[in-house]
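Enquirer: Counting in this note's numbering, the sequence shown runs from 1 upward without gaps.
Possibly wrong hints are sitting among the right ones.
[What the hints assert, rightly or not] Below, computed lysine to any residue pairings styled on SDA-like, alpha-carbon distance capped at 25 Å:
#, residue 1, residue 2
1, Lys96, His52
2, Lys96, Thr62
3, Lys114, Val39
4, Lys43, Ala20
5, Lys43, Arg55
6, Lys43, Asn54
7, Lys43, Lys114
8, Lys114, His33
9, Lys43, Pro93
10, Lys43, Ser2
11, Lys43, Phe107
12, Lys114, Val34
13, Lys43, Arg74
14, Lys43, Ser109
15, Lys96, Glu59
16, Lys43, Thr4
17, Lys43, Arg73
18, Lys43, Lys96
19, Lys43, Tyr57
These are calculated hints, taken from the structure and not from any lab test.
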Amino acid sequence: MSATATVQAYFEAFNRGDVAAMLACLSDDVAHHVNEGQVRHGKEAFRAFCEHMNRCYREELTDMVVFEAEAGRRAAAEFIVNGTYLETDEGLPVAKGQTYRLPAGSFFSLTDGKISRVVTYYNLADWTRQVS
Numbered sequence: 001m002s003a004t005a006t007v008q009a010y011f012e013a014f015n016r017g018d019v020a021a022m023l024a025c026l027s028d029d030v031a032h033h034v035n036e037g038q039v040r041h042g043k044e045a046f047r048a049f050c051e052h053m054n055r056c057y058r059e060e061l062t063d064m065v066v067f068e069a070e071a072g073r074r075a076a077a078e079f080i081v082n083g084t085y086l087e088t089d090e091g092l093p094v095a096k097g098q099t100y101r102l103p104a105g106s107f108f109s110l111t112d113g114k115i116s117r118v119v120t121y122y123n124l125a126d127w128t129r130q131v132s
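With the hints as extra help, turn the sequences into a complete structure.
Expert: Following this line, the structure appears as structure tokens:
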């Protein structure tokens, strides 16, 4: 599977809320760099992050554009996050079902056809403004 196809499968699984399918796209030692957070290592840390996110947020990614480079060893994606804030996340504004829409991007490294690094960026100040 090409890097583009792997990244697209990862995001299609995200939009379905299918954590198991997302994990299938990842290497066992994946490094997950979250926006404004610490790097998490391994699939179990990624699973725990996804479970937390699914409890606090419902999101759908649209307007997806995926780029591939370095013979499939690197990829990037630009998209719009369309979300609903479901449950208050620690240190953030109180959740009351607010909706938000913001541009975001992710960067990937791939090893043997699996995602070994994922980095996601969005403007936290913009998100905070939208839900406050």
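Enquirer: All hints are to be evaluated individually against the structure, with a verdict given for each.
Expert: Quick rundown of the hints versus the structure:
no., hint, result
1, Lys96 to His52, "17 Å, holds"
2, Lys96 to Thr62, "23 Å, holds"
3, Lys114 to Val39, "18 Å, holds"
4, Lys43 to Ala20, "10 Å, holds"
5, Lys43 to Arg55, "18 Å, holds"
6, Lys43 to Asn54, "16 Å, holds"
7, Lys43 to Lys114, "12 Å, holds"
8, Lys114 to His33, "16 Å, holds"
9, Lys43 to Pro93, "29 Å, violated"
10, Lys43 to Ser2, "21 Å, holds"
11, Lys43 to Phe107, "17 Å, holds"
12, Lys114 to Val34, "18 Å, holds"
13, Lys43 to Arg74, "19 Å, holds"
14, Lys43 to Ser109, "15 Å, holds"
15, Lys96 to Glu59, "15 Å, holds"
16, Lys43 to Thr4, "21 Å, holds"
17, Lys43 to Arg73, "19 Å, holds"
18, Lys43 to Lys96, "31 Å, violated"
19, Lys43 to Tyr57, "20 Å, holds"
Figure legend: structure checked against the earlier numbered hints; hints not met, in rising order: 9 and 18.
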